[in-house]
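I would like the entire structure built from these sequences, with the hints used as guidance.
Spelled out from the first residue to the last, the chains are:
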Amino acid sequence: LRLLSLQPGLEPGETLEFEYAMNRVEPRLVDHLEVSVMWYTEGKGSEDIGIHLFQRIGSEALTAVPLDQPRRITCLLPASPLSFEGRLLKIRWCVRLRLFLNEGRELTTDKQFYLGHLTRDL
Amino acid sequence: MSASGPPSNPFATRFVAPGQVDWVGPNDYFEQLVVRWNVLKGRAAIIGAHGSGKSTLLEYLVPLLGQVLLRRDAEGRSMLHNVERSGQAGLQIVWLQLRRTSPASMVIPWDELHPSRLLVLDGYEQLRLWRRAALIARTALRGVKLLVTSHRITMLPTLCELSISAATARQIVSQLTAERTDFATIGDDEIRQQLVAHDGNMREVLMDFYDQFEEKRTLPSNNGASQS
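If you're matching them up, the sequences are chains A and Z in order.
Mapping of the first sequence onto our numbering: position 30 corresponds to residue 355, and the numbering continues sequentially without gaps.
Mapping of the second sequence onto our numbering: position 105 corresponds to residue 91, and the numbering continues sequentially without gaps.
Since the hints were made in silico from the structure, they are not lab data.
There are no misleading hints in this set.
Think about it this way: if two alpha-carbon atoms lie no more than 16 Å apart in a straight line, the pair counts; the simulated EDC-like pairs of lysine to aspartate or glutamate are:
(1) A:415 <-> A:372
(2) A:415 <-> Z:201
(3) A:415 <-> A:367
(4) A:369 <-> Z:200
(5) Z:202 <-> A:410
(6) A:369 <-> Z:201
(7) A:436 <-> A:359
(8) A:369 <-> Z:197
(9) A:415 <-> A:373
(10) A:369 <-> Z:190
(11) A:369 <-> Z:194
(12) A:436 <-> A:342
Beta-carbon label-pair distances, calculated as ranges:
(13) Z:3 <-> A:434: 21 to 29 Å
(14) Z:100 <-> A:401: 48 to 56 Å
(15) Z:126 <-> A:352: 50 to 58 Å
(16) Z:55 <-> A:431: 18 to 26 Å
(17) Z:55 <-> A:382: 30 to 38 Å
(18) Z:157 <-> A:372: 19 to 27 Å
Sample of chain A residues with no beta-carbon within 10 Å of chain Z, all distances over it, derived:
(19) 352
(20) 375
(21) 388
Ideal placement from N, C-alpha and C gives every residue a C-beta, glycine not left out.
Given below as structure tokens:
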């Protein structure tokens, strides 16, 4: 999973572009893939999550081309919530891939990025 | 799972919430609990102080008793349940969770509580005294099984009493920091002192370690570099 922008920070309204490929996975084992662009909170209290983009790709569509061939996705980023690195609370954006295999196993990977200028507690 | 970006605090809620940390205890602990649960005919209480692991125990024990039909907080909101850990056999379970901030008017979904189903009530002591008595009587009359967690002895038989030892606390902290090369090891003495300072409340101990981690953390900048 690779972000195609040069910096890990993107502005609201900018286009997020990323690509992914799957290596060392046998096509016959693949059930489906979930691609999400999402934010989540992390910290000491209750957690929250928001999904900005969600795609579910079935095994037929996935295996129509070799799995190790990169696939590109773009999406327009929203105005909020902006990334935040506080002590009690952090808001983090990421692209998340969840690959579900026939045998019930699940492989997940995240690639984080910042939306807006990173705001911090001082 | 792999991830990129700034390191997460190993003591953040997502890592320390009930069910996220592996249960620390003897291998056959849950087998023994299920045996005792059956001896008590499916009506019992788990007793322990704040942060002693009652909710964590439920995360591991409840799936062994049956299948969770619904899980709600005190405001009636559905709560996520770990489907992977959800049991398929045994009882059908209604699982409610109360907290100190829960409204006293919390509604018990009696329509869902058919005979031989199990009501799991996490935070039983949050109910007013008369509601506790009414709950026990009404579930008994309906033939509903009942498992509650409480800080004090209840009118139900006690399934188990929980407390956190320094050795258990050590193992929990070790689990959370196992893969963290960016974080100095927390010593046994420090864990013991924290546990004493918080009267055995592991939740508070982990929150203190969360703060310590934040104090030492280097913050990322927008271009990916780190700065203190």
